[in-house]
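Q: Using the supplied hints, reconstruct the complex from the two chains, each of which is provided in its own coordinate frame.
These protein sequences, in sequence, are chains H and E.
Residue numbering for the first sequence follows this note's numbering, starting at 59 and increasing by one per position.
Residue numbering for the second sequence follows this note's numbering, starting at 1263 and increasing by one per position.
Each hint should be verified, as a subset may be incorrect.
[Claimed, not checked] Mimicking DMTMM-like on lysine to aspartate or glutamate, the simulated pairs with C-alpha atoms at most 25 angstroms apart in a straight line are:
#, chain 1, residue 1, chain 2, residue 2
1, E, K1579, H, D278
2, E, K1565, H, E264
3, E, K1565, H, D278
4, H, K367, E, E1530
5, H, K310, E, E1530
6, H, K295, E, D1578
7, H, K310, E, D1578
8, E, K1579, H, E201
9, E, K1305, E, E1483
10, H, K310, E, E1483
11, E, K1579, H, D297
12, E, K1579, H, D190
13, E, K1597, H, D278
Rather than coming from a laboratory, the hints here were simulated on the basis of the structure.
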Amino acid sequence: MLQYMIILLDDTSTSFCHYGVNKTGRRLISLDHLRRGIRFAMVENLTLQMVYPDYELPAEYHEAIDTIDHSNIVPSALGRDADVIVLDGWDAVPPSDGVAVIRTSLAHLLKHAATVGDWLARLTRLNIVITDVERMTEADCDEYRAFLSQVGTAIERLYVNGRSPQLNTLTDRMMLTAMNNCGAGDTCVTLAPNGKFYVCPAFYYEDEQDCVGDLDTGLDIKNKQLYRLDHAPICRKCDAWQCRRCVWLNRKTTLEVNTPGHEQCVAAHLERNASRELLQRIRRQGTFMPDRPEIPEIDYLDPFEAMHKA
Amino acid sequence: MADKKETYRASSVQWQGGIAKNITFIVTKDCQLACKYCYLVGKNEKERMSWETAKAAIDYILGHEEDFPEQSVVWDFIGGEPFLEIELIDKICDYLKTEMFRLNHHWFDSYRFSFSTNGINYHTDRVQQFIAKNHSHLSIGITIDGTRQKHDLNRIYKGDGPLERGSYDDVVRNIPLWLEQFPGAGTKVTISSADIPYIRESVLHLYGLGIHEVNINCVFEDVWREGDDRLFEEQLMQLADDIIDGGWYQDYACSFFSEHIGKPLDAELENQNWCGAGKMLAVDAAGIFYPCTRFAAYSLREKRPIIIGNVRDGIDKNKLRPFLTLDRTTQSPAKCLECEVASGCAWCQGENYDAADTPTVYQRSTAICLMHKARVRANNYYWNRLFRKLELEGEREQWEENKPKSNDIIC
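Chain E with its partners taken away, still in its complex shape (with noise of 0.2 angstroms):
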């Protein structure tokens, strides 16, 4: 993702991570604002999907049942702004619980219904009497930037006037509602260039939100500046020490600071593909079916989408063989290869097709590589003066098991 976004989760743990098959409905492309940032290059007003699409679409995927034999299924919905499209997706999603019960297919009742939206629209009737009807089974992001100056920095509403108007105030005031539907939120916090000097006061803003989980990364794009790295240690190292002294490690975590990264991979036990693209299905409304949300046309820059086939044709299996072969090594430079650090290190095969020099999914970028180094320096920092911080204390043992949970989400 290109954009540095703030998104509250309605479970900080992906549900069924793993097992569950990831659909994905571009219901528009449309959307109220117009972030400065937003990696979304073709949005526009026309691209509404119709109840004739969703439909086609959900009948040929529940028409395929044995070639979708996750035990699970996440049904996404994105834009744009998927709220703006809200009576179409509840006529969708009662058809979807209708058909999966008709069929007896082998996702009722282990299904989930997953959102990401700017909330602008969260507490208008409509939407709150879909999440009335469907709330044990949601899960519901809210994306904002922050303090209100950081995020009315980027988050301006759409529209061709000589004053740009931020949307905080339309965003900040469905939190508390948010949060008291779904207490267990997470968020996911995601960084560019122009970013970093507001890293360390964002995530305290969200702790200050209520927010107990910042899941945060660094855009994947080359948009790196000289010095980023640099900066963005140092903006980690005050939010350590904000964290530690501010006893915020008892209740709070931030994926920023995770125990797991910074260290070499196997080349034959550690080579599993880190993204997901080709496990997933995205289907937009002309009813075209993609591995992932980002190889759709309006979330590239420089390659053509690629195409897995369409709801009236099917999948073409072919196209997916090189999603689902894909490893670690295959696709890794030598320095990948050869870092000492290169655990936590993560990618987006959408940005790795759309920055290679070749149509291909097989080289990876390594446009994050001195960020990841950073955060990793970071990281041994924040983890040294914890543990020291909690054995002079006596902590230590009790801290271990009750330790908060974040999660390396990053897309």
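Bound conformation, chain H alone (with noise of 0.2 angstroms):
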């Protein structure tokens, strides 16, 4: 069911995510569409997230934006108030007590784990977006594990210290129950400057020509059944529910949005593997989540493997 609804207020909106933004001239939604927009997310009971650019919206924007409750994805670089700020590389001073989002290619992350450690000492929450997660290679598995190794050491340590700081790749698994993934086309869709709905800004950046409607006829996302997880034969088996399930990866690297990759499993699963090794070792320090079971100990990477062996 439809719950969220992202708004890309300008073609240059910062991404968030695995998508990278190709477009570089600016193209402000249409005061229009923007209201339009936040009316279709009153009817239809979403909640909004906004994502901006990294240049100041005129007033009137910001008087529509407020008719409703949101949350601003801002880019670092604009310097204003966020809920989400988007960090512009790894030498950024994430704000203190916030939530950020760091894209970044896999290489540049195994460079970096001391600095996520020092960030998480500053940040509420911290989500990693691996921009090339689909080039993974074995090689890079070995060093992943031990990134999410040496990462897990610093949370671990923030723990014992009284400081519970989430890093999306390491700590959800600990506290999710069931699977949570991003929902594009399910639970949450997008709707683009140019004032039709796309299934994820990625969708949009991709293909202009890709939408799922558009604010005069309505959201008519095709095979809708397709973007959830009963409908994903290798996820809806699976217990990495941290991992993002990226429905663009899967199209990309798959050609189907219900098929993950191989390397976007690997990827999912050394976190869950890693995310299992900090849950014991910060209960090895006192009780933590009495009522939660051990994450289960598995013997593969990726579950299609393990289907197809079975």
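A: And the structure:
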């Protein structure tokens, strides 16, 4: 069921996920589209997320946006208050007690385990988005495993000291009780600056023609069931609950929105297994979420392979 | 398959069914014929496979033995008309045999060469030499449309002249030779809307030619007109009467009549995919790999081809994952899941993809729904009549022990 809507306020709105922004010219959403999008969200009972570009919007836009409860996803370069701030690189200084996103290549990420630890000492939550996860190799797996272990040590130390920051790749799996994925096309849809709906921003930037309706005709997501977990044969049996399960990456790698590629599965399972170790380590320090069972040990990194071995 | 055709197969039983890898060489997209119903929308005379491409494909496949664990292999050759490229095919087969031996490959001596041909060149020296050389490893299907009238209605020679020339005589003359060389022949018949009035006579014609097994199915494309299901049911019931009254049921089989169709299916225990796309591999003249020939551009009306790799870079295994995780319930609409006569209702993954609302193999086309239900009704009639007759004549037990077999071969 649809619950969320993202509004891209401009063609150059910051990316907070796997996709890159390939449009360089500014195209601000029209005020009419913005207002109608907000009305659509009100009528459909959707929670709104506004995604900002790196320049200040006209005052009437802020007035329109403030007519509805919403959250703001903002690039750090804009320097304004945000619910989620997208950091512009590893040299950034994240806000105290804020929620931040860092988009990074795997190679850069692997060099910044200490930085992640430092940031988590300041932030409430950090989301790491590996922008080239689909190119992860077997050699990368060992390095990513080591990275997660190192960051896990930092998180363990913070927890022991009474601070409990969230990191999507390590703490989410400890907290979750079921799959909690992106939801694009199922629970979430995107309104782009052209007044058309898309499964998510990535689908807009990849092909503007690939829309799923517009403000005039309404939403029309063909084969909508394929975005749901119960129509994803690999994912519905998986317990890497923190996995983003990016339907855009799915389509890019396997040509089907309901089927993840090998690399996305492996990355998610390295994180899942590292979460398992982190949970055990924190529990060795004292009582921690005693009502939650241990994360079970598994002998695979790709559930597709486990399915075919069975 | 979008056409109505009747294909004689060298062996009625699918060789090593389920444990053999099917690898298809699309050796040419050319054909002597211009059949009016041919589903291959992109036939042409230019796309002929070169030896270099064929060799590169073989070298890749045999060089990656770990990726092809199936116990056996069917090397399939299609077109267009494959026997137009008999020299290339002969060279391919020789190379396959020597390479499988040289590499001590697990497919050595567990392979078959399979062909679907229009039969026109079947008698030629070059084809016959090839057959003699490879006979024990061959499956050959010849396509014919039943009676001369019916065959020549559609299966005409290519050309721009005002007079259409049918190919029946050139094909049927090769049937006795083929049956002599491959006595265990079975037949594959595909039915579309215009063919419905000819079903009865077509099947009986095939029986009359000496074919004991007719495997037959309706096309999966949305070609059906209002009332086709009733006409279809009537044809099948007339055929049922002829088979029963003529005593054909004792030695001849027609797969339209199966004891095992028309039952509800369990969502968990009977959830397997019908189609083998993705478990197969097809390669075309450009050296491009597909999950099945139906995903190549020349057989798609609406969608872009699904390419899973090429002979140079190999197979992108991520592209195979959707095919290998497909199951019945995930791709079926609610009406199929709730259907009380679901068993035996087939689908073609390529047609599903081509007809889908989005580029997905996960949307099952239901164009065949009414035809399946008509088939189920005719089946009920057939089996009720036959079993009653056998019981009244005290022959039921004997028939059960010796009943002829057929297969639901749909592509």
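Q: Evaluate each hint against the coordinates.
A: Against the structure, the hints come out as follows:
Proximity of E/K1579 to H/D278 is assessed by CA-CA distance (about 32 angstroms); at most 25 angstroms being required, the pair is judged violated. With a C-alpha separation of about 18 angstroms, the suggested pair E/K1565 and H/E264 falls inside the 25 angstroms cut-off, and the hint holds. With a C-alpha separation of about 20 angstroms, the suggested pair E/K1565 and H/D278 falls inside the 25 angstroms cut-off, and the hint holds. A hinted pair counts as satisfied when its Cα atoms are at most 25 angstroms apart, and H/K367 with E/E1530 qualifies at roughly 19 angstroms.
The hinted pair formed by H/K310 and E/E1530 fails the criterion: a straight-line CA distance of about 30 angstroms is larger than 25 angstroms. Of the pairs offered as hints, the one joining H/K295 and E/D1578 holds, with about 24 angstroms between alpha carbons and a cut-off of 25 angstroms not exceeded. Proximity of H/K310 to E/D1578 is assessed by CA-CA distance (about 12 angstroms); at most 25 angstroms being required, the pair is judged to hold. Of the supplied pair hints, the one linking E/K1579 and H/E201 holds, its CA atoms being roughly 23 angstroms apart against a limit of 25 angstroms.
Of the supplied pair hints, the one linking E/K1305 and E/E1483 holds, its CA atoms being roughly 19 angstroms apart against a limit of 25 angstroms. The suggested pairing of H/K310 with E/E1483 is violated, with an alpha-carbon distance near 28 angstroms, which exceeds 25 angstroms. Between E/K1579 and H/D297 the alpha-carbon distance is near 23 angstroms, which keeps this suggested pair within the 25 angstroms criterion. Note on E/K1579 and H/D190: the hinted pairing holds, with a Cα-Cα distance of about 18 angstroms set against a maximum of 25 angstroms.
At most 25 angstroms may separate the alpha-carbon atoms for a hinted pair to count; E/K1597 and H/D278 meet this at roughly 21 angstroms.
Of the numbered hints stated above, those contradicted by the structure are hints 1, 5 and 10, listed in ascending order.
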